[in-house]
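Engineer: One letter stands for each residue in the lines below.
There are 2 protein chains.
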Amino acid sequence: MTAFPYKLIATDARTSARRGVLTTAHGEVHTPLFMPVGTRATVKGVQTDKLHELGAQVVLSNTYHLFLRPGPELIAEAGGLHTFMNWDRAILTDSGGFLIFSLADTLKLSEDGVEFRSIVDGSKHFWTPEENMRIQQLIGADIAMQLDQCTAYPEEKDVVRAAVKRSADWGKRCLVAHTRADQALFGIVQGGVFADLRHESIERIGELNFAGFGIGGYSVGEPHELMFETLPEVCAALPKDKPRYLMGVGNPTTILNAIAAGVDMFDCVLPTRTARMGTAFSSAGRMNMRNAQYIHDFGPLDPECSCDTCQHYSRSYIRHLVTTKEMLGAILLSQHNLHYLLDLTARARAAIEEGSYAAFLNDWNSSPAAHDY
Amino acid sequence: MTAFPYKLIATDARTSARRGVLTTAHGEVHTPLFMPVGTRATVKGVQTDKLHELGAQVVLSNTYHLFLRPGPELIAEAGGLHTFMNWDRAILTDSGGFLIFSLADTLKLSEDGVEFRSIVDGSKHFWTPEENMRIQQLIGADIAMQLDQCTAYPEEKDVVRAAVKRSADWGKRCLVAHTRADQALFGIVQGGVFADLRHESIERIGELNFAGFGIGGYSVGEPHELMFETLPEVCAALPKDKPRYLMGVGNPTTILNAIAAGVDMFDCVLPTRTARMGTAFSSAGRMNMRNAQYIHDFGPLDPECSCDTCQHYSRSYIRHLVTTKEMLGAILLSQHNLHYLLDLTARARAAIEEGSYAAFLNDWNSSPAAHDY
Numbered sequence: 001m002t003a004f005p006y007k008l009i010a011t012d013a014r015t016s017a018r019r020g021v022l023t024t025a026h027g028e029v030h031t032p033l034f035m036p037v038g039t040r041a042t043v044k045g046v047q048t049d050k051l052h053e054l055g056a057q058v059v060l061s062n063t064y065h066l067f068l069r070p071g072p073e074l075i076a077e078a079g080g081l082h083t084f085m086n087w088d089r090a091i092l093t094d095s096g097g098f099l100i101f102s103l104a105d106t107l108k109l110s111e112d113g114v115e116f117r118s119i120v121d122g123s124k125h126f127w128t129p130e131e132n133m134r135i136q137q138l139i140g141a142d143i144a145m146q147l148d149q150c151t152a153y154p155e156e157k158d159v160v161r162a163a164v165k166r167s168a169d170w171g172k173r174c175l176v177a178h179t180r181a182d183q184a185l186f187g188i189v190q191g192g193v194f195a196d197l198r199h200e201s202i203e204r205i206g207e208l209n210f211a212g213f214g215i216g217g218y219s220v221g222e223p224h225e226l227m228f229e230t231l232p233e234v235c236a237a238l239p240k241d242k243p244r245y246l247m248g249v250g251n252p253t254t255i256l257n258a259i260a261a262g263v264d265m266f267d268c269v270l271p272t273r274t275a276r277m278g279t280a281f282s283s284a285g286r287m288n289m290r291n292a293q294y295i296h297d298f299g300p301l302d303p304e305c306s307c308d309t310c311q312h313y314s315r316s317y318i319r320h321l322v323t324t325k326e327m328l329g330a331i332l333l334s335q336h337n338l339h340y341l342l343d344l345t346a347r348a349r350a351a352i353e354e355g356s357y358a359a360f361l362n363d364w365n366s367s368p369a370a371h372d373y
Numbered sequence: 001m002t003a004f005p006y007k008l009i010a011t012d013a014r015t016s017a018r019r020g021v022l023t024t025a026h027g028e029v030h031t032p033l034f035m036p037v038g039t040r041a042t043v044k045g046v047q048t049d050k051l052h053e054l055g056a057q058v059v060l061s062n063t064y065h066l067f068l069r070p071g072p073e074l075i076a077e078a079g080g081l082h083t084f085m086n087w088d089r090a091i092l093t094d095s096g097g098f099l100i101f102s103l104a105d106t107l108k109l110s111e112d113g114v115e116f117r118s119i120v121d122g123s124k125h126f127w128t129p130e131e132n133m134r135i136q137q138l139i140g141a142d143i144a145m146q147l148d149q150c151t152a153y154p155e156e157k158d159v160v161r162a163a164v165k166r167s168a169d170w171g172k173r174c175l176v177a178h179t180r181a182d183q184a185l186f187g188i189v190q191g192g193v194f195a196d197l198r199h200e201s202i203e204r205i206g207e208l209n210f211a212g213f214g215i216g217g218y219s220v221g222e223p224h225e226l227m228f229e230t231l232p233e234v235c236a237a238l239p240k241d242k243p244r245y246l247m248g249v250g251n252p253t254t255i256l257n258a259i260a261a262g263v264d265m266f267d268c269v270l271p272t273r274t275a276r277m278g279t280a281f282s283s284a285g286r287m288n289m290r291n292a293q294y295i296h297d298f299g300p301l302d303p304e305c306s307c308d309t310c311q312h313y314s315r316s317y318i319r320h321l322v323t324t325k326e327m328l329g330a331i332l333l334s335q336h337n338l339h340y341l342l343d344l345t346a347r348a349r350a351a352i353e354e355g356s357y358a359a360f361l362n363d364w365n366s367s368p369a370a371h372d373y
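For the record, the sequence lines run as chains B and H.
With the first letter of the first sequence counted as 1, position 303 gets the number 303 in this note's numbering; the numbers rise by one all the way through.
With the first letter of the second sequence counted as 1, position 285 gets the number 285 in this note's numbering; the numbers rise by one all the way through.
This is chain B alone, in the form it adopts within the complex (with noise of 0.2 Å):
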């Protein structure tokens, strides 16, 4: 495929981290990268001028939710979820299928596809890869992910063995049906926390045609260091020249270590769901915005932060906002923590291009900020 060129610009001569460019129909995008996650066609209490101020290359949006509200048609008829949307630079849809095992009481697998209840007023869906292909192609992407089926952790290794032969049946089942010239199709790698596992996976998708590989099935509950003990394998064993994409991972020490591991790409709502939770990313760890502590605290949330909340608003001001519950207090942390990770890939972009990324990291791992989140 090469309607989806990803060049490689630089790689790291102490890590496995890579910098590259991914065309699309909206831009380049540049890797590694996080993208903000805009669950029903709207990254929660952020305008699109403000993700453009903030960097964001790409935004994702979740099929699932997308295909329940407002309905593909509906955003095809739109002009594209682009248009609907206003956001002129790239976007990714997951294929829904996570959402589908996680939300989903009641589902029905078979080798043909998923049958699920809609959590919105609990109508029955049948989804094909084909069914699964049509909906994102309406939707309009830039960039879809395969149909596949994540795995829980933990998980009995033959229900996941079942799991990475049936995305990979699927996978190829969605590249059959996937037509769309404007939008690339990325396969997803599954497998859990089984090394053998992956490597099969791999075996089974990684020399089709898709324009870059999600790696499913990881930050579904293990453990971060379990990810860590096969995710640099799965990393080597994928093809060099596509992009790979760690799904569902927004932690900042987590994308850093996995950039190291030769990840390009990540997605999360932590950043934006935190947020609304009163908690901002800051280089001194976690902070709890509803915390007394704050109360006269006039400087900024994060003094070496140059983001737009940052340099207007207090740590005082914005635990004013967050305990009367406030729509601006979410509104701006979203903003602050999307920067924090914004900024951060940004940094670990140059440090990869100047070949300092190990030292780079290392610091990282020994500052206040590599607390976990």
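Among these hints, one or two may not hold up.
Each pair may be met inside one copy or between any two copies, as identical chains are not told apart.
To be verified - Below are the BS3-like pairs computed for lysine-lysine, each with C-alpha atoms no more than 25 Å apart in a straight line:
#, residue 1, residue 2
1, Lys124, Lys325
2, Lys157, Lys124
3, Lys157, Lys7
4, Lys44, Lys157
5, Lys124, Lys7
6, Lys240, Lys7
7, Lys7, Lys165
By construction, these hints were calculated from the structure, which means they are not laboratory data.
Starting from the known structure of chain B, fit chain H onto it as the hints suggest.
Structural biologist: Frame of chain B, contents of chain H only:
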């Protein structure tokens, strides 16, 4: 009082509309104007950079709410409300009197002041006019309002008469207690729907050394027509060289008709509160964005509107946001509704300058936009 001069730059020949400029410590304020309400030091869902872009000249904040949280001492410690909330244009604080009377289940009123309970934690507080001035001076708005007694509608005339006298007595004590040189102090006219009591109120305070006058006790439940039976003579009886502020009025048609009666300033939560409920102001009248008629409507909220929301987002998208309870729906509608009133009052100012206000008002009153909100 010359510290906060109010200069009339145009008066309309056929109505009592006036075009003026009030000088405050944070710049000139061009009247007539609408002031967005930022109850707890934030206009709900709207960042101050957006308020700038929208052309807001004054933001109103509520002394009652700020007194409870975060407290006036904290705001003073932050450097005043402008610094605390990141707003560099003018601010007006109400005295909190209206909220005490409308929110508190139990309050004890005496000649000396008012005892009330906090809606936050039930704690008891006692405000004298002097204490209220101390609080408002700590908060540090450009315009403070005297503590007054606002009466409801309907109300016994004797009760309203007593409130007129008490408000005047408290106004005089506020004038004595108020010492902050960079803050203007407005008196408040009461009297309900009784013309003679309105005149009595103005006789008691109209010649006092206030920088302007609030007109309170309207828009408390009475029909708009009833207000207009006395509002013109209230305006006519007030000093010509001081601004007149009709408190709590935000209905577009009422604003324009009140301008014709001689009112200069307005505030109301209407544009932002209705926005959070999914209502858009428009040149075609009120729109309920939950309505199914907008599902496939890809036009702007108001084709005649130049706001950012109308330039970039469709009715269909906003309906999607409102029905899925996404914050962005309230944000975009709040900005649009504020723009609507700020633009409307800017056009009113231009019409007065051009000597065409009567025609402007006639056109409005015969347009679909004149529907009630």
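Engineer: The structure should be examined with respect to each hint, and the outcome stated for every one.
Structural biologist: For each hint, the structure was consulted:
no., hint, in the structure
1, Lys124 - Lys325, "between (36 Å within a copy, 23 Å between copies)"
2, Lys157 - Lys124, "neither (29 Å within a copy, 63 Å between copies)"
3, Lys157 - Lys7, "neither (36 Å within a copy, 81 Å between copies)"
4, Lys44 - Lys157, "neither (37 Å within a copy, 51 Å between copies)"
5, Lys124 - Lys7, "neither (42 Å within a copy, 68 Å between copies)"
6, Lys240 - Lys7, "within (10 Å within a copy, 72 Å between copies)"
7, Lys7 - Lys165, "neither (30 Å within a copy, 80 Å between copies)"
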